[in-house]
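J.: Those protein sequences? They're chains V and H, same order as listed.
Numbers 72 to 503, taken from my numbering, label the letters of the first sequence in order.
Numbers -14 to 146, taken from my numbering, label the letters of the second sequence in order.
Everything labelled a hint here was simulated from the structure, so no lab data went into it.
Be careful, since some hints might not be right.
[What the hints assert, rightly or not] When the alpha-carbon atoms are kept at most 16 Å apart in a straight line, the in silico EDC-like pairs for lysine to aspartate or glutamate are as follows: (1) V:LYS241 to V:ASP271; (2) H:LYS34 to V:ASP319; (3) H:LYS8 to V:GLU454; (4) H:LYS73 to H:ASP38; (5) H:LYS34 to V:ASP448; (6) V:LYS182 to V:GLU320; (7) V:LYS182 to V:ASP319; (8) H:LYS8 to V:GLU464; (9) H:LYS119 to H:GLU89; (10) V:LYS110 to V:ASP478; (11) V:LYS208 to V:GLU454; (12) H:LYS79 to H:ASP40; (13) V:LYS241 to V:GLU270; (14) V:LYS425 to V:GLU169; (15) H:LYS119 to V:ASP214; (16) H:LYS33 to V:ASP448; (17) H:LYS33 to V:ASP299; (18) V:LYS415 to V:GLU204; (19) V:LYS363 to H:GLU23; (20) V:LYS241 to H:ASP40; (21) V:LYS490 to V:GLU114; (22) H:LYS137 to H:GLU125; (23) H:LYS73 to V:ASP448; (24) V:LYS241 to H:ASP38; (25) V:LYS110 to V:ASP494; (26) H:LYS34 to H:GLU89; (27) V:LYS363 to H:GLU125; (28) V:LYS421 to V:GLU204; (29) H:LYS8 to V:GLU458; (30) V:LYS105 to V:GLU470; (31) H:LYS34 to V:GLU458; (32) V:LYS288 to V:ASP299; (33) V:LYS208 to V:GLU417; (34) H:LYS132 to H:ASP62; (35) V:LYS455 to H:GLU23; (36) V:LYS313 to V:GLU169.
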Amino acid sequence: MTEPKPLQEPIHYVHVDKKICNGCVLCMKACPTKAIRVKEGREVQIDDAKCIDCGECMRICPRNAISAVMGTNEKEGPVSKDLFNAVSASTALYAQFETGILPNDILLGLKRMGFNYVHDQTYTNEMFNVAIELFIKEHREKDDTFFPLISPICPVVVRLIAHRFPSLLKNIPPLITPREIVARESKQRLVTRYGCREEDIKVVHITPCPSKMICIKEPIFQERSYLDEAVAISSIYETLKKNIQNVDEDIVLHHAGGIGLGWGMSGGEIAGLDLNCLSISGLQETIRYLEKVEMGILSHIDYIEFRTCDVGCLGGPYTVADKYQARHNLRKLIRMFGEEKRVKYEYVKKLYDKGWFHGADPILPTNSPFKRSSLSDISAAIEKQNEVQQILECLPRKECGACGSPDCQTFAEDVVAGKATVDGCILRGSMA
Amino acid sequence: MYVVWNQGYINLEPMANNMTNLKRQFEIKARDFVRAGEASIEVQSILKKIGFDADCVRRVAVCAYEAEMNVVMHGGDGMLVLTVEPRKIVLDFKDEGPGIENVELALQEGYSTATSEYREMGFGAGMGLPNIKKNADSLEIHSDKGKGTQLKISITVREVS
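Turn these sequences into a full structure, and let the hints steer you where they fit.
T.: This is the structure in structure tokens:
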């Protein structure tokens, strides 16, 4: 086994194969942050500053010209002999196998792949549920935070909020996500057990989506991520499957009940919450409901679980099983383990009071819309919007995308920003 | 009836013509619940593009939405004029509805004249105008029974200390 390469620039993982792309406008139109342009009818350009790695363009491309490229995609096993390795897997992994393969078998299979330490995330999920309940109770009493709170679990949602709904960053509780807690605790345990240095430990997260890699590189609520690397479920699936066969060890690595297991599907996270909650999945629905939250309509709701993939993480681009099949598998597992939490409330409360779950204040990217603009900046921006409006009034509003911008409004903005010329609109003359 | 309510740190002087500003007009259709809220979303999107800070955008969004829903539910057809200045945002709502019978009452939390139909849709908690009052810096209401309602909401950009 070879040592995995550390993740390197570029931070975004979406790549367009120019040999396959024929320059249609579907990805450009699907992009929720309008990060894509198709210039000269051929070349797809993605604006790194706007891309949130949601994967919509990958899903919609009829030619499969867009893919996500990762550091260890081609490697057989992401394990190095020189370092201490720990692994934590998204609960979506458990749903990728046919009936009869239990979470514990999968965890043992991971161990056999060569990881020194395997930490099951489902138990931490249940602990996180309790932490959220405590957080909401505390802040409903004090009346000092904005409701509804928004789940910090889906990194695309967090980045979508950071880009398009910055006022809602306040609604994301500053708690460390289970995958990060697992990584932190894994490191601590390996340090105690082997006396090694924390720097020598590599914690790998097995993920259903590319966005996890970005939040490892650029976490918003932590100074740095405790995770070191993310590996796609699809890239280790075959190896893992081989390692699961004939497992006859009887070590118990999976401790949680059905609640912790269900997180991979939409509604799974809030199933463990005894509160007024909503679960919303799919990118368009997520945007629609974030707009509602921003207008203060849903403040009677305590907590909203947003997942930008349909069906939740099971619908992630790096899964292997069909998402509906996977959901059925997961539901069977949940029934088997019982729809209950196995964590002890008092135990979690003690940890919560000690600050076990609390992360740092949000660390915001420097080029982000959070900072307050100066008076002259705002004045200039108002002038610009007026110019945009003037150009827009001359456009035919067919929203065809032939100019290379996703819609007329964005085209007008591109013109004002100097990134396009009005001549780029092929319908303008014929309408006059 | 004419009610002015002011947080205290905003002047209600008419805006100077020579100052950079942006004006947009939106139509609001009575009882059109499919498109209800679209004007507010548009306002929100314009402010974000200009680069107003998140808190300011949120306050405008809440005010715009509450007032827009009031027009959709009670007001008959109406109009929103948005005026954006570098340090102040004004939302001017005008409708041809029945007017507010008692503005003082309507400003109280929990007071509502919504029909049971609207309550079933999740509206009518009596938080519309109180919510606007909470988020705006000043509020002017002109309303007479049978003559419609005019609502002018101003939000200033708060300086951070």
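J.: Take the hints in turn and mark each one as holding or not.
T.: Going down the list of hints, with the structure as the test:
1. V:LYS241 to V:ASP271: 35 Å, violated
2. H:LYS34 to V:ASP319: 60 Å, violated
3. H:LYS8 to V:GLU454: The hint holds at about 11 Å.
4. H:LYS73 to H:ASP38: 12 Å, holds
5. H:LYS34 to V:ASP448: 12 Å, holds
6. V:LYS182 to V:GLU320: 11 Å, holds
7. V:LYS182 to V:ASP319: 13 Å, holds
8. H:LYS8 to V:GLU464: Roughly 14 Å separates the two Cα atoms, so the pair holds.
9. H:LYS119 to H:GLU89: 15 Å, holds
10. V:LYS110 to V:ASP478: Roughly 14 Å separates the two Cα atoms, so the pair holds.
11. V:LYS208 to V:GLU454: 46 Å, violated
12. H:LYS79 to H:ASP40: Violated - the C-alpha atoms of H:ASP40 and H:LYS79 are around 26 Å apart, more than 16 Å.
13. V:LYS241 to V:GLU270: Distance of about 32 Å is beyond 16 Å: violated.
14. V:LYS425 to V:GLU169: 41 Å, violated
15. H:LYS119 to V:ASP214: 15 Å, holds
16. H:LYS33 to V:ASP448: 13 Å, holds
17. H:LYS33 to V:ASP299: 34 Å, violated
18. V:LYS415 to V:GLU204: 13 Å, holds
19. V:LYS363 to H:GLU23: 11 Å, holds
20. V:LYS241 to H:ASP40: At roughly 10 Å apart (the allowed maximum being 16 Å), H:ASP40 and V:LYS241 satisfy the hint.
21. V:LYS490 to V:GLU114: 15 Å, holds
22. H:LYS137 to H:GLU125: Measuring from Cα to Cα gives roughly 5 Å; hence the hint holds.
23. H:LYS73 to V:ASP448: 14 Å, holds
24. V:LYS241 to H:ASP38: Satisfied, since the Cα-Cα distance of roughly 13 Å is no more than 16 Å.
25. V:LYS110 to V:ASP494: With a Cα-Cα distance of about 13 Å, the restraint between V:LYS110 and V:ASP494 holds, given a limit of 16 Å.
26. H:LYS34 to H:GLU89: 36 Å, violated
27. V:LYS363 to H:GLU125: 26 Å, violated
28. V:LYS421 to V:GLU204: Satisfied, since the Cα-Cα distance of roughly 14 Å is no more than 16 Å.
29. H:LYS8 to V:GLU458: OK: H:LYS8 and V:GLU458 at ~12 Å, within 16 Å.
30. V:LYS105 to V:GLU470: The hint holds at about 13 Å.
31. H:LYS34 to V:GLU458: Holds, at about 13 Å.
32. V:LYS288 to V:ASP299: 9 Å, holds
33. V:LYS208 to V:GLU417: 15 Å, holds
34. H:LYS132 to H:ASP62: 13 Å, holds
35. V:LYS455 to H:GLU23: Given that 16 Å is the threshold and the Cα spacing comes to 23 Å, the pair is violated.
36. V:LYS313 to V:GLU169: 14 Å, holds
Checked against the numbered hints listed earlier, the structure breaks hints 1, 2, 11, 12, 13, 14, 17, 26, 27, 35; every other hint is satisfied.
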